[in-house]
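*Asks:* Dock chain B against the given chain A, drawing on the hints supplied.
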Amino acid sequence: MSHDVIILGAGPAGANAALAAAETGLKVALFDQQPEAGGQVWRAPLPGLALPASPEKAGGDALRARLAASSVDLRLGRTVWSVGAHFRLDALGPDGNETVEAPRLIAATGAHERVVPFPGWTLPGVIGLAAATVLLKSHGALPGQRVVVAGCGPLLAAVATGIVKMGGTVVAIVDLAGPGDWLRLLPALATQPRLLARGAGWALKLGGKRVPVHFRHGVRAALGADAVARVRLAPVDAQGAFTAGPEITLEADALTVGHGLVPGNELPRLFRTEQTFDRRRGGFVPVLDAFGRTSLDGLYACGDGAGLRGVLVAEAAGQLAGLACAHDAGALTAAAFAERTKAPAAAAAQARPFSDAMAGMMALRPAQVAAIPPETVVCRCEDVTRAEIEAAYDDGARDLNQMKQFTRCGMGPCQGRFCGDVAGEILAAKVGSREKVGTYTARPPLRPVPLADLMGSFDYGDIPIPRPAPL
Amino acid sequence: MSTTYDLAVIGGGVHGSTCALFAARGGMKVALIERGPLCREASGVNAGTLTMQMTRVALIPYALRAHAMWANASEWLGHDVGVVVCDGLSLAFTEQEEELLSFRAGKRREAGAPIELISGADALRVEPGISDKVRLAGYCKVDGYANAYLTGLAFRRALLGAGVDLMENTPASGIDREESGFAVKTATGVVRAKRVVLAGGVWIEPMLGWLGIDLPIKTLINQLVVTERVRPVMRTVVGIANGLLSLKQYPHGTVVIGGGWQGIGDRERGGVELMPDRIVGNVRLACHAIPELKDARVARAWAGLEAETADALPAAGPIPGIPDAYVCGSVHSGYTSGPYIARLLADRILGHEPALPLFPIDRLLNSGDAERGPQ
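Chains as they are written, first to last, in the UniProt record's numbering: chain A, 1 to 471; chain B, 1 to 375.
Just chain A, same shape as in the assembly (with noise of 0.2 angstroms):
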């Protein structure tokens, strides 16, 4: 065993489990794919950028500079592909593959973004408000000039803070809750005045701004010939059923629109670990104990990854989840481990309130699904339709596996990432569960490999074919 513990994902869940693992004297090794830690929350930006001062950078940076100073084996830039039991785990990187091994591994992977499809989503100009974020945050660049923000929760406000600090134009916030919604949870996000206070920020720069707020309204369509230049609003109910009402056309080039975010579990689903659907975090998630404990011994899973709870409750489940591997592993007697799960433990129970309203605010909301058109696609990678997947079910496909193998949903290049979540409400709504559903099965590569870098060079003397099969 090359290390202790093997930590996927350097956001606030994953780097601050491999601070909490290192700091009792375990070799832990912590992998991203991006070549700065941080995660989407604080991701870095782009070597050579110098962007202004956010609160999410000096958050990264501090991140950063705790790792820098850590023993942790910083292991970024790397691809995982393979992960294999007991833990093996394979990853390209500058030098090619690299192998680590642990008895002990994390998943830290994060969340990834979902959009509920509409006519046209699938138009140049249309892109996630979670894509927006990075764009601003990594790359210091635009959407577009004239941009529609639209979708729900609390990114909607930060990304369009953003546009409007980065001299674009807002053409108009779009939002599915309503002005009620949001007060309605003023005492649990009251909870974190700090957040609270940032919120409030955006909403008066935008104000300041005079960036018109269409609340209870979603997008019916992004329209143009080649790219968005007009998107089409309706309004909707606390559902997010569209209502009869009129609809707003405007003019824009670019559109970011999201409906929350789907936890990244492949790892848990990879080793068949015990799932749970939850709604409000975001759809599956494995079932943990109260310190990020599967239930597969040795893996461990906390941060958004494991069900949507947002950064506050990420870096308390992040310590939490490196104290259980350490204490596991021998390295914290079981009284250390009490003395010091206390302060995280009582840092998520604090972060609840608030985590919760938000995780309420970008959860799924059913109506809107059926609501997507029949010829409208919902896996893009592969062009399949709301109606194929339908037609699917009159086939006899009763769950996500079987409706990909009749239609090819989920077999691209994102594996269902991106549209596993709605294609599997939209089966759920005629078999009768998510639960019955399912998700699609996980495999590796985590993420697609190019086969250039993963065969590397090598000699075809040196290739290790195995014996001829039979005659």
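Calculated from the structure, these hints are not laboratory results.
Here the structure is a predicted model, which means the values were calculated and not measured.
Fair warning: there could be bad hints in the mix.
What the hints assert, rightly or not - With a Cα cut of at most 35 angstroms, we get these calculated DSBU-like pairs of lysine-lysine: (1) A:Lys436 to B:Lys185; (2) A:Lys430 to B:Lys29; (3) B:Lys185 to A:Lys430; (4) A:Lys436 to B:Lys29; (5) A:Lys436 to B:Lys218.
*Replies:* What follows is chain B alone, placed relative to chain A:
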């Protein structure tokens, strides 16, 4: 519950489904019992290769007829399984492989497979995508591939059309022999039938155990890799002399890389883990054969199960000592040959003399001096 079927088939892969389909079309009242959805194990996740150049010599006559069945799937199955008939090449890169290829192609040719040996230069004319390092190639016009993942959909429609009672997601847990036939115990009740066919692939071993018969079936865990869609890089099915590579590009652009490199798993858990070193080995072999493939990205790798008897020949025929009970499976390269062999068994069950001999399991149950199956 009061229905007694003429035939209950346990196992809804290619073998069980074909057998059930032809028995029903022959006039029998048939139940098909499958623990999951149809064709979701070996029959749905294999590489889809329909080749003579990886088929066992003894199975060539069967595989040729089965190939014709796949090519005409729309006629007898009624539905498209994405079958493409194309040329096949088996490549030799070294002197040793030339010898192996000449010997193996010769034996298969004797058995009826129309395989020619051609030079590397001629092979390049057949398949411009291959490496210029090829020294010799086996060239066969009877080759091709299917979209294995469509098999379940195609059989499902055909079986329902033929009036088969389809019992998907219905695990069977045992068989009781009764005066008038068999009682198959399932999760949702007992299914009674005058005859049974055990067509459970690698699960044939526990199924035969229900009837007190001990037939060891080895479980192979075949690793497979599929790329993202890429521009056309090849037009044939490509393998290598020793059979440890199968490679083809589907019309939609993905390339499937297989060849039977072994992963980790078993009958109980399925293919649970892939061996990264063997994925790399298999990928190197593929890119050595088709150099342009290196620009593609791996979208997914998985492992499927393959069943193998002690002599690696099929278990397909009556079960000795138990009238009206049959077994059908463990066919090497079973996806290619399966439909024909299962159809032969259906003929036998319907009281017709099969056009080619079956592969009774008596040979595997007795001691070493027992009669061998067809060679």
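*Asks:* Hints the structure violates: just list their numbers, smallest first.
*Replies:* none
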